[in-house]
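Going down the list, the protein sequences come from chains A and B.
In this text, residue positions in the first sequence follow my numbering: the first is 1, and each later residue adds one.
In this text, residue positions in the second sequence follow my numbering: the first is 1, and each later residue adds one.
Read the hints as simulated data drawn from the structure, not as lab findings.
All values derive from a computational prediction rather than experimental measurement.
There are no misleading hints in this set.
Using 25 Å as the maximum straight-line C-alpha spacing, the simulated DSS-like pairs for lysine-lysine come out as follows:
| hint | chain 1 | residue 1 | chain 2 | residue 2 |
| --- | --- | --- | --- | --- |
| 1 | A | K467 | B | K53 |
| 2 | A | K506 | A | K467 |
| 3 | B | K53 | A | K470 |
| 4 | A | K585 | A | K626 |
| 5 | A | K467 | B | K88 |
Listed below are the residues making up each chain.
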Amino acid sequence: MLYSTRSKLVASFLGISLLVGAASLFIGVRLFDEHVFGEALNRVRQDLNAANEMYVTRVKHVKTSLSITTLGLAFISSVRDKNTTDLALRLERMAKLVDLDFAGVVAEDGSVLCRIGPDAFPRPGRRVENPLAKPVLEQRVAISGTAILSSEFLIEENHELAERARILLASGPDAATGAREEITSGMAIAAAVPVFDGNLLLGVLYGGLLLNRSETFVDTVRETVFQGESFHGRSIGTATIFLNDVRIATNVLTPEGKRALGTRVSPEVRDHVLDKGKLWTDRAFVFSDWFITAYSPIETISGGRAGMLYVGVLEEKYSDMRRQLLTVYILLTLAVMLAAAGLGYFIARRITSPIQRLIQASQQVREGSLNPELGPPANSEIGVLQKAFGEMVEAMGRRRAASELRVIQSEKQASVGRLAAGVAHEINNPLTGVLTYTHMLLRRKDIAPEIRSDLQIIVEATERVRKIVKGLLDFSRQTKLDPEPTDINRLIGAAISLIENQALVKGVAINFNPGENLPQVTIDRSQIQSVIINITINSLDATEPGGHIRIFTAASLSGNGAAQEGIEITFADTGCGIPSENLNKLFDPFFTTKGVGQGTGLGLSVSLGIVQRHGGHIRVQSEVGKGSRFFIWLPIERRAEHESVGG
Amino acid sequence: MRVLVVDDEPIVLQSCRRVLEAEGWEMISASSVAEALSILESITPELLLVDVKMPVHDGMYLMRKVRGKRPGIPIIVMSGYATSETIKEAEGLGAAIFLPKPFTPDELADTLRSVAKSTSQD
Numbered sequence: 001m002l003y004s005t006r007s008k009l010v011a012s013f014l015g016i017s018l019l020v021g022a023a024s025l026f027i028g029v030r031l032f033d034e035h036v037f038g039e040a041l042n043r044v045r046q047d048l049n050a051a052n053e054m055y056v057t058r059v060k061h062v063k064t065s066l067s068i069t070t071l072g073l074a075f076i077s078s079v080r081d082k083n084t085t086d087l088a089l090r091l092e093r094m095a096k097l098v099d100l101d102f103a104g105v106v107a108e109d110g111s112v113l114c115r116i117g118p119d120a121f122p123r124p125g126r127r128v129e130n131p132l133a134k135p136v137l138e139q140r141v142a143i144s145g146t147a148i149l150s151s152e153f154l155i156e157e158n159h160e161l162a163e164r165a166r167i168l169l170a171s172g173p174d175a176a177t178g179a180r181e182e183i184t185s186g187m188a189i190a191a192a193v194p195v196f197d198g199n200l201l202l203g204v205l206y207g208g209l210l211l212n213r214s215e216t217f218v219d220t221v222r223e224t225v226f227q228g229e230s231f232h233g234r235s236i237g238t239a240t241i242f243l244n245d246v247r248i249a250t251n252v253l254t255p256e257g258k259r260a261l262g263t264r265v266s267p268e269v270r271d272h273v274l275d276k277g278k279l280w281t282d283r284a285f286v287f288s289d290w291f292i293t294a295y296s297p298i299e300t301i302s303g304g305r306a307g308m309l310y311v312g313v314l315e316e317k318y319s320d321m322r323r324q325l326l327t328v329y330i331l332l333t334l335a336v337m338l339a340a341a342g343l344g345y346f347i348a349r350r351i352t353s354p355i356q357r358l359i360q361a362s363q364q365v366r367e368g369s370l371n372p373e374l375g376p377p378a379n380s381e382i383g384v385l386q387k388a389f390g391e392m393v394e395a396m397g398r399r400r401a402a403s404e405l406r407v408i409q410s411e412k413q414a415s416v417g418r419l420a421a422g423v424a425h426e427i428n429n430p431l432t433g434v435l436t437y438t439h440m441l442l443r444r445k446d447i448a449p450e451i452r453s454d455l456q457i458i459v460e461a462t463e464r465v466r467k468i469v470k471g472l473l474d475f476s477r478q479t480k481l482d483p484e485p486t487d488i489n490r491l492i493g494a495a496i497s498l499i500e501n502q503a504l505v506k507g508v509a510i511n512f513n514p515g516e517n518l519p520q521v522t523i524d525r526s527q528i529q530s531v532i533i534n535i536t537i538n539s540l541d542a543t544e545p546g547g548h549i550r551i552f553t554a555a556s557l558s559g560n561g562a563a564q565e566g567i568e569i570t571f572a573d574t575g576c577g578i579p580s581e582n583l584n585k586l587f588d589p590f591f592t593t594k595g596v597g598q599g600t601g602l603g604l605s606v607s608l609g610i611v612q613r614h615g616g617h618i619r620v621q622s623e624v625g626k627g628s629r630f631f632i633w634l635p636i637e638r639r640a641e642h643e644s645v646g647g
Numbered sequence: 001m002r003v004l005v006v007d008d009e010p011i012v013l014q015s016c017r018r019v020l021e022a023e024g025w026e027m028i029s030a031s032s033v034a035e036a037l038s039i040l041e042s043i044t045p046e047l048l049l050v051d052v053k054m055p056v057h058d059g060m061y062l063m064r065k066v067r068g069k070r071p072g073i074p075i076i077v078m079s080g081y082a083t084s085e086t087i088k089e090a091e092g093l094g095a096a097i098f099l100p101k102p103f104t105p106d107e108l109a110d111t112l113r114s115v116a117k118s119t120s121q122d
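Next up, chain A with everything else stripped away, as it sits in the complex (with noise of 0.2 Å):
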């Protein structure tokens, strides 16, 4: 019981620390997903918005630098004079000024004049289309943008940009299977500019740059956006150029540590952006890892959606101080609950110590003292139990010492009783013999008279014997209690009676004031009335002639211990009194203060052993000189436990 209180205290407080670490980590978790991740998305779609402007910004660049080229009168007179040796020069300058993949002039007729690459004047009569200066040709008026080019135009313009723009499509995790094998047009940043002399349409300049397998771009977002930020010697942000849904220009690594080419976007996220031309941010997983991920829709000159621009961050990054915050939450939780499991126990320990003292001490109790060791005393409940339980303790004695008392005079009484009885049944049948011989003795007329004075002593002696062993035998009649309710002023009543006459012959007034009101008592009535005799005569031979007896009852409480509810019976007397040396041994049979002949020494011995076999016990208060006072005390209602005293 000791230790499961201990446990169960020390198992409430961890399943409260438990609860509340729990509840603290969902909620944390909770919070941290909901603004944190909040915050990571809004931040990688500020950060597509910086890309996006850094895409259009270039294209402007492109279209600004080839519009300011057309402005040059030597330029224009070079185009007007087809000079095109002239032409491949500044084209050349302009290229590598402006970072160009592709340039060239388109006279008006639209066949190329001259452009930058290994085929920089080519033949008359192969031509190829060009999509980017046949609506200049056709409006008159600038275009710039994004262009998608057919792998034909590319050969025809530079078959190394071809070669680049050639990108095998890998079969990734999230890549659907798709029909093609590979791409094979290129995605550019272009631009083309209409060539005017005066109002004279000369020609169109064009030029671009091609997104495909371009680093430039992506890295320089990355490096723009993200500002080199790395997470465990990964770059934590990403960007990505789209044709359609695949990978061109991207610096997403593979698990080799390549550029993830010719990788495909999820259905869900093409669906959205390429289909539906919508902007989605979302958690995703992009080829290998978790992403943040942001995707716009590029949109062609001509007004197609041709490809995506895409920003991530990785996702582990927050997943990590997700991880940490966890951490640190379960740690914490974990301290708390040992904390809690510690202080529990401290707790606990400061409570059933001076319960484990006082089940040590009910134990010292159990084994006989009456001393038991409490301990401090607690300033809590258990202090009121410790005072309780000291207190019963204390009872306890007190009633032991009386009980010890009740069963020595008991001991006492029996053993004398059991030697009594022996002496009696062997000594009443000589007894008879000496009797009937001197009483038949008697009953001649022929004997002297001195003889029959001497007859008449043995007789006289004799029935002092007589007397004496019956005396005896009442001590040791230790018969069985036949009580029944009784109405104790009665019995007394009928007891006085029988002694009026004694008392008024010695000059001795009895005077007896029943107590009103007094409930039965439930008594062996002969037994009961013998004792009330057995003092009554007590006290009239202890009184001398005018003095008096005064007997009273009263309702009363017992005095010791327990509270039970009882009558009194008082025997005042007005005689000699008791020396206090003789007041121990009053009860001690044959103690006897009278003189030879007068008293066996049993009678107060015998009527205590019948009081006590009905639960009441006799006080004596006396003074020399003054008279004495004794005081029977009997229970309403009676207990087993006294009735089977000696035997």
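Since the structure of chain A is provided, determine the placement of chain B on it from the hints.
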């Protein structure tokens, strides 16, 4: 009147004989229960005076035997150690009266007379 007195104490038997013969009654004595039972085979006394405490068989045993065989004979029980239990037991077995020892000749004679009288009246 014929009285059978049963007691293991010779002095009690002698005393009783002395008193009863003085009263002019016939007394048959038995010093054990066995002897009393054998006497009762042939003789029918008007009264039985029996001691309680005797060796081998006690007075109660004798009373039980007599009650079975001779229910008509009144029995007086005597004892030097009379507890209320003994008296109750004796009365339960049909004892007419209980006579505590020691007794004077008058007490014995009066007891016998009163029992004999009440029996003859019945």
